[in-house]
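Trainee: Put together the whole structure using the sequences plus the hints.
First to last, the sequence lines map onto chains L and Z.
Just so we're aligned, residue 1395 is where the first sequence starts under the numbering used here, counting upward by one.
Just so we're aligned, residue 1395 is where the second sequence starts under the numbering used here, counting upward by one.
None of these hints come from the bench; they were simulated from the model.
Computed from a predicted model, the values in this text were never measured in an experiment.
Keep in mind that a hint or two might mislead.
Where chains are identical, the list cannot tell them apart; a pair therefore holds if satisfied intra-copy or between any two copies.
Each computed DMTMM-like pair below joins lysine to aspartate or glutamate, with the alpha-carbon atoms no more than 25 Å apart [unchecked claim]: (1) Lys1465 to Glu1426; (2) Lys1465 to Asp1444; (3) Lys1590 to Glu1744; (4) Lys1465 to Asp1492; (5) Lys1590 to Asp1742.
Protein chains: 2
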Amino acid sequence: MTETATPTLTTDQVITRVADASAIWSTTAYAERARVLRAIADALDAAGADLIAIAQQETSLAGPRLRGELKRTTFQLRLFAREVERGAFVDARIDRPDAEWPMGAPRPDLRRMLIPIGPVLVFAASNFPFAFSVAGGDTAAALAAGNAVLVKAHSGHPRLSDATAAVIEAAVVEAGAPADLLRVIHGTQHGVEALKHPAIKAASFTGSIPAGRTLFDIANARPEPIPFYGELGSVNPAFVAPAAAGSRATEIAEGYLASITGSQGQLCTKPGVLFVPAESGVVDALRAAAVPGPAPLLNDRIAQGFLASLDALAGHDAVSVLREGAASRAAEPEATLLLTTADAVLDDPEALVAEVFGPVGLVVTYTDAADLAVIARALEGQLTATIVADEVDADLALARTLVPVLADRAGRVLWNQWPTGVSVTSAQQHGGPYPATTASSTTAVGTASIARFLRPVAFQNLPAALLPEALRDDNPLGVPQSIDG
Amino acid sequence: MTETATPTLTTDQVITRVADASAIWSTTAYAERARVLRAIADALDAAGADLIAIAQQETSLAGPRLRGELKRTTFQLRLFAREVERGAFVDARIDRPDAEWPMGAPRPDLRRMLIPIGPVLVFAASNFPFAFSVAGGDTAAALAAGNAVLVKAHSGHPRLSDATAAVIEAAVVEAGAPADLLRVIHGTQHGVEALKHPAIKAASFTGSIPAGRTLFDIANARPEPIPFYGELGSVNPAFVAPAAAGSRATEIAEGYLASITGSQGQLCTKPGVLFVPAESGVVDALRAAAVPGPAPLLNDRIAQGFLASLDALAGHDAVSVLREGAASRAAEPEATLLLTTADAVLDDPEALVAEVFGPVGLVVTYTDAADLAVIARALEGQLTATIVADEVDADLALARTLVPVLADRAGRVLWNQWPTGVSVTSAQQHGGPYPATTASSTTAVGTASIARFLRPVAFQNLPAALLPEALRDDNPLGVPQSIDG
Chain L
1395 MTETATPTLT
1405 TDQVITRVAD
1415 ASAIWSTTAY
1425 AERARVLRAI
1435 ADALDAAGAD
1445 LIAIAQQETS
1455 LAGPRLRGEL
1465 KRTTFQLRLF
1475 AREVERGAFV
1485 DARIDRPDAE
1495 WPMGAPRPDL
1505 RRMLIPIGPV
1515 LVFAASNFPF
1525 AFSVAGGDTA
1535 AALAAGNAVL
1545 VKAHSGHPRL
1555 SDATAAVIEA
1565 AVVEAGAPAD
1575 LLRVIHGTQH
1585 GVEALKHPAI
1595 KAASFTGSIP
1605 AGRTLFDIAN
1615 ARPEPIPFYG
1625 ELGSVNPAFV
1635 APAAAGSRAT
1645 EIAEGYLASI
1655 TGSQGQLCTK
1665 PGVLFVPAES
1675 GVVDALRAAA
1685 VPGPAPLLND
1695 RIAQGFLASL
1705 DALAGHDAVS
1715 VLREGAASRA
1725 AEPEATLLLT
1735 TADAVLDDPE
1745 ALVAEVFGPV
1755 GLVVTYTDAA
1765 DLAVIARALE
1775 GQLTATIVAD
1785 EVDADLALAR
1795 TLVPVLADRA
1805 GRVLWNQWPT
1815 GVSVTSAQQH
1825 GGPYPATTAS
1835 STTAVGTASI
1845 ARFLRPVAFQ
1855 NLPAALLPEA
1865 LRDDNPLGVP
1875 QSIDG
Chain Z
1395 MTETATPTLT
1405 TDQVITRVAD
1415 ASAIWSTTAY
1425 AERARVLRAI
1435 ADALDAAGAD
1445 LIAIAQQETS
1455 LAGPRLRGEL
1465 KRTTFQLRLF
1475 AREVERGAFV
1485 DARIDRPDAE
1495 WPMGAPRPDL
1505 RRMLIPIGPV
1515 LVFAASNFPF
1525 AFSVAGGDTA
1535 AALAAGNAVL
1545 VKAHSGHPRL
1555 SDATAAVIEA
1565 AVVEAGAPAD
1575 LLRVIHGTQH
1585 GVEALKHPAI
1595 KAASFTGSIP
1605 AGRTLFDIAN
1615 ARPEPIPFYG
1625 ELGSVNPAFV
1635 APAAAGSRAT
1645 EIAEGYLASI
1655 TGSQGQLCTK
1665 PGVLFVPAES
1675 GVVDALRAAA
1685 VPGPAPLLND
1695 RIAQGFLASL
1705 DALAGHDAVS
1715 VLREGAASRA
1725 AEPEATLLLT
1735 TADAVLDDPE
1745 ALVAEVFGPV
1755 GLVVTYTDAA
1765 DLAVIARALE
1775 GQLTATIVAD
1785 EVDADLALAR
1795 TLVPVLADRA
1805 GRVLWNQWPT
1815 GVSVTSAQQH
1825 GGPYPATTAS
1835 STTAVGTASI
1845 ARFLRPVAFQ
1855 NLPAALLPEA
1865 LRDDNPLGVP
1875 QSIDG
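Mentor: See the structure below:
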């Protein structure tokens, strides 16, 4: 398989090259930047069959799933290219001089925009070998923002990482951009070395809470701390209101099972805990609904982690097995459902509302809907929280209580849809209070994610000839400018 | 003097009350929130004479300076009130469902806005007893964002802090808002205790690098880390280009001396280092220009710190005294200018480009203007960087090299104006790479500072009746909504 072009360089040497490329890329015109992003997308699409073949060998993910993921990945690059061309992402603000400014002193000519933060280190994820890996969302956002990228490849798909980087390098060079615009390194030690390197100005990560917290701590302990955008862990609780449970138990059960078995439950937005009324038919429907057959997990390490977490949860005194999947304790498990009560969750939320990466769901029966808000308030930070409800008085009353609590605890609140399948859009929010993410004021998905890799600079009283084009009165790029607030 | 209403509560009890107030305040309508902010501003203006009298006793700052600062403070509250009413600060985004979304899966109905982050802890500054203290910028931003505030008072003006809080409490209660919307605590230990408290969701700080870094580390070491917006230290270098040095040496010298002696040099944007051509008349003009007479520093601790830092800098082998102020080594010093060369700065930038809080400036002579970009590239992060230049070819050519380097190293780049006197506006940027601030992607001054105390939440497929008003199609608040990107 293709290797990166610079296999013999030290991490320090690779970073020096990436930093040089970043300096060039940061001054590349937006239209040109957009053209390069599209060239990368086109090249990845063209190489799709080869890349997917490698991904299948390395990850056990099915062909259709990987094809969909690659489509999402190249769509994302093109969406961000359009965003760069439009220029709203630089948040151009112009305050003209105002001698009468009521602060007590004249307002000077101030012009502020967001500029690239500098070289970005991306720690790739295991579960999305395309969309959260070498050519994934963090890379697309960092490149769109005007920064070069160093990717620490995930050990679950090293050959795919190198092959993807080779496709990108060829496309980038062909498009006239620096060859070192994106480089890949391998191995935890090299990743840590890069995270400590003074030339790296921001880092992103998608993975587990322990690994993410370790890296977050390293980023903050640097002599010059850098922003660390980590997506760590989330249980994504879902709450079924009584009327909905009564009116459409089967639909809810099928939807839930589809959501927790998609990609074999290895999605960061998998709704790991489902609250249902004790007296409803949802529990029976969950027992009866069809599930996909046994299938492998991403790799052996993840399979071992799944079995350990599943054993821990199933071994809890208050938990019983609602539905045992075939080979539920083997490397290729079928979905398993566990069962507990809201009282048990109130007693021991930490042990019961805990992420298990793989095809398992914990069904929690409640007898008093008022308990749900109490439980929601005690939740750790989440990427998502879901309400399944009918638009009838009782369910709406419950929802009116739950929505503000869930908005406080999660980055995305859903109504009658399941949280898996995160759309890449302008209004998407993928990030919530810790430990869902380490920076709850940002998103890892959607066009707003570009802002993570920018920082503001104001220019005071600068002559037009020295101003960035986005801040000039004649606005040659036609970017949106906010004038005088 | 007036004391806070709750002097006998523990820090934990105070925080619990502030958190309860925050929950109420976060749901208060924007128009109502704006009304309360204006009521606070009016009350502070009305109490101005009393408050300024206390401030003069505690800080040694002159009456006109304090009156100006109070005006700035109440202006800021009113400006933020207007910002809250306009609603753009919530960044409302609406993606309507799109079955043909080219990602490969339909786009759901997604609506995203910024919501209050939760109770904010503000560490007040010594040097602005109004504008960066109890009623200062961080407080105004946190309140505008919809959060209650706990202020850790600065030990330099404890009575003023309590008196300001009492004025605010009376105004807040009168306006019908929770009495615990703002509370003050005293003492480093209580501040640290509060910073570790799980109910506190963000913190801000203005002060020294060692103190700021200690608190930053504590904020990040929490089980649930929180954003820590620290403004730490900045030298704010200024670069005089050759033509300007030749054409207006006296004007430059006078402007520089006025900037470094304003508030006795105790401003975070004081231009501590001035680069001038060796063969220009600026050095002589600096020796000749008038300076204010001796005046006290804020307090004894700051005076001691000033003398120690001044001795360290003046004792450097490569530094000589350009102009010794009267009583320069006493508690009420006059401005002092020190002198060194660009070569010396290239040899030992860390020791020579170092913040000294007080009325001193280091004048650096250069013989080769090309050295300036090299020096600028080696700078630590800065709040500001200033270019003094004429609009003639030679100076403009130099500036074209310097501006991008300075934009990389500083949050604000100025042209022929001095950096002290930070205007509160929409396009202001007060924050730069570390150690200027701990979060270079945010600003501590201006309306953009409100965003520090917000976090995004997306609502997917929610019925209109459950949506926040800012995200509804009928837009009853009339906030700006970005629709379909």
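Trainee: Could you run down the list of hints and mark each one as holding or not?
Mentor: Tested hints:
Only within a single protomer do Lys1465 and Glu1426 lie at most 25 Å apart by alpha-carbon distance; the minimum there is 23 Å, versus 47 Å between protomers. For the homomeric pair Lys1465 and Asp1444, the shortest alpha-carbon distance inside one copy (14 Å) is at most 25 Å, but the shortest distance between copies (66 Å) is not. In this homomeric assembly, Lys1590 and Glu1744 come within 25 Å of each other (Cα to Cα) only across copies, at 20 Å, whereas the closest approach inside a single copy is 32 Å. Taking the shortest alpha-carbon separations for Lys1465 and Asp1492, only the inter-copy value of 17 Å comes in at or below 25 Å, while the best intra-copy value is 50 Å.
Taking the shortest alpha-carbon separations for Lys1590 and Asp1742, only the inter-copy value of 23 Å comes in at or below 25 Å, while the best intra-copy value is 38 Å.
This entry satisfies every hint, going by the numbered hints stated previously.
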